[in-house]
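Hints given; two lone chains; assemble the complex.
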Amino acid sequence: MSRLTIWIILGATLTFLIGPFLIVIFAGMSAGEALAFPPQGLSLKWYAKVFTVESFQASFALSMFLAVFGTIAALLIGIPAAYALNRYDLPGSETIRTIVAAPIIVPGIIVGLALLRYFVVPLNVTITMALFVTHTALVLPYAVRVVSSSLNNLRADMEEAAVILGCTRLQAFTKVVLPNIRGGILAAFILGFVTSFNEVPASLFLSGPGVRTLPIDMLSYMEITFDPSVAALSALLAFMSVAIVFIAERLLGFSRYV
Amino acid sequence: MFLNRSEGLALALPAALFTFLVFLMPVGILLSVAFQTDTGAWSLQGYIDFFSQPLNQTVFFRTLKLGILVAGTSAVIGYLAAFCIVNLPTTSRGRIFGLVVLPLMISPVARTYAWIVILGRTGIVNDVIVGLGLSDTPIRLLFTETAVFIGLLQLFLPLMIISLVSSMENIPKDVVPAARVLGASWFQVFFRVILPLTKEGLVIGGTLVFTGALTAYITPAILGGSKVLMLETLLYQKVNVSNDFVSASVIAMILIVMCFSANLVLKRIASVKR
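Protein sequences, first through last, are from chains A and B. Using the working numbering, the first residue of the first sequence is number 4, and each one after it goes up by one. Using the working numbering, the first residue of the second sequence is number 718, and each one after it goes up by one.
Quick list of simulated restraints, FRET-style, between CB atoms:
no.	chain 1	residue 1	chain 2	residue 2	range
1	B	Glu886	A	Val56	42 to 48 Å
2	A	Gly14	B	Glu886	19 to 25 Å
3	A	Phe242	B	Leu738	33 to 39 Å
4	B	Lys782	A	Ile108	21 to 27 Å
5	A	Thr18	B	Lys944	24 to 30 Å
6	B	Pro731	A	Thr129	19 to 25 Å
7	A	Met243	B	Lys984	36 to 42 Å
8	B	Pro731	A	Gly211	26 to 32 Å
9	A	Arg6	B	Leu734	55 to 61 Å
10	B	Gln770	A	Phe229	30 to 36 Å
11	A	Leu126	B	Val847	51 to 57 Å
12	A	Thr129	B	Arg985	42 to 48 Å
13	A	Ala34	B	Lys890	50 to 56 Å
No wet-lab data here; the hints were simulated from the structure. Glycine included, each C-beta is placed from N, C-alpha and C at the ideal position.
Isolated chain B, as found in the complex (with noise of 0.2 Å):
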């Protein structure tokens, strides 16, 4: 450790400074935005007339469900797929793992398109379906709720099972077959073992998955489209469709105060339950 504080400072100011300068301060000024009349009152006006049109409610009560469905439904495929990697062999733990990190290296607008190829009239689902007979049209499978669904869990899976994996490794290797022993059901041993044991990987892997989901552009953008809204496709549109600058501010409070809550709420659950 060294004293000498201010050629620490001299060696960090540049970091800080270009990002207050850059970045900061301008998300500070596009915040502030909604919270002006034209008059430059302060006022919550901005915020009463978002909330006040039925589609904006519809898009920001769509964009939650899909933050928690997607949350929760990674949550579950997560501990089943964990589990099962900190109980295989080193070798092919470690060659599995890696297949769960690789599609974090791909880019999102790849593998986001891959869906179009499934889901799209000409794709694969749909040729099932009317090659089964099971409809004589294709069935419009693209830009429904479930396709954004399917894609964003897709995206952010992986950030949940690297986090579920990483909490599980430090379980001692008896503890589940001891409580087996013991006369635990399965349902007990999750509840009663893994759980508690792994509630911080929860906590972090829930936060990640859940602001990715909120915050995510392209997977809305291409699977949801104009049909399916999402808080920042339709915060896109505001500004290129209708130049609405004090929505986009609303919009952009919004998302900014979903993610900081869902970390202060996810970690008060993390320390209350025992």
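This is chain A alone, in the form it adopts within the complex (with noise of 0.2 Å):
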């Protein structure tokens, strides 16, 4: 193939992939009322505006609040785990990997209504907390994934070293392995990060009236609205996205972990 023919269908397959993204941006820098591609005029005023709607700073709030906590949560039992199905010969170890992963395979919107009916609503838990185990479990399979891989690239001798030289066992994980898994736990960090803030599927039926998650906050009001500020909103949120995930490539090498 020649450089051009090359060129040409990576440019239309980039093209098709982000192009509308950056129609999203100019639709939101509208001088204009309604949303329209090319803007009627440019301003900033949408990208002003999105920080001053109540329920958007609500549910920013919310987002924020189960992307960093639930992420937390699930490395803290996440961590255990792929230490123990990496460097523990236990039986069953399978079936607890499987355990483990399901939240993945299943899809998202099941996920939100099963709890709702059978974990929520009989044991009268909030709806704070309803999202919070939610992402937690959803969150899970990928903390364990990532801290494994890093696991598996750290020899077990090391361990076994420092524990003949005198290190208890927690030592010998406080002292060696953690400071030597470090990127992976903040991949794994940022990755949980990025999926429970874009998760949408699972938390649409746990989501009540005044408690909701942003990306479900702006599909109710994109249904409602149709002025440039969910395009401002989308662009804003975009760039924390892309922002995070370039500065942990450049600080860590991010895609070494995923």
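Have a look at this one:
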């Protein structure tokens, strides 16, 4: 294939993948009242307006809370599990792996409905708590997988050496293992954060009046209103995700772990 | 490898127990609902009722059709794009690959919203159509199967390209030129050389795209609405509009079975075709 053909094919593919998104960024810069492209005059008023919408503020705070603490909770139970699956000869380790990975395989909307009917309602759990538990479960498979792969790259004899030289097992973990898998843990955190923050289907049934995650709030906002503020907000969120991943890639070579 | 098994189990238990209690059990109960009548007896009546309704049949076949179409189309585009990417010089290869991965970091709501701007009544496509005089009034492009197809394709194409690129990188550099020198047409090169060597990537990508398209909620909700229902949006309607939990349970089972069988079938194809 000639260079020209290659660049035509790649150009067309990337236009299809990224082009629509550039349009959203510009549609959000409109000075007019209705969503249109090309925008009717340029202004940043919709980008500014996004910050003043009260429901967006509340749902952004909730999404942030879920993404940060849901991922931390997933790591707190995921790191020991990944460690056990990697370093111990466990009976039924395949079963444990399958159980822990299950939340990725089952479609999110089913998870949300099942939790609502057979966990939230019978146990009378609050909406925030229900969302927290769901996001933890959804992030857990990523946490276990990413931490596992970084444990795989760390030779087990280093811990054995530490133990022989007088460390307790706990010390060997905190002094030898943890510093060495720090990058993997951070990568798992970022992946979990982005996954949780963008999650919709599982949160759909669990979100109640007044308690909504940001993407769901955006969905219901765009059903009622047809102004460019969702375009502006979409663009801002995309910048946030891309910036996080970009910085992570620069700092620790994020893609090695994912 | 440590031999103290109870210690290992104690470490793995919290995660396994948590997933089991808040995830597997509720999902299991939900799936069992459709197999029981009001009196608690086991029966398949819920499934029979579900499939006897024409709307449900339409939605089922539409979901299957769109899943296959999206997976097939992304395989075609994916092969072209992946072949181009692996033939780039190393530096630009990394950059282009980064641009392919980039959309995956962006919220699906934002990515799908873009198509409203493009396909809406006052969107770009309609501006062009009316501007060129092809039609006096804007055409309805949103809430059509085509719109859902385009949205799903854009959402999942990166997964296919990534899988194909990583399996094409393992093909030795001179294999394709060798086949060409020996007289193979591009058609033969693809089916006799590239396809057999990359079928694993195709299977992984195909499974990801197919199951992704089947289980996507946002895209059919925004671009299809209630005019073009797919199984996921139908499930949402059954629960929130008609309070029909038996149908919801049937749909949940169908989706899970479709995802798992897609995995199995594609794995089988990969190991048979040589």
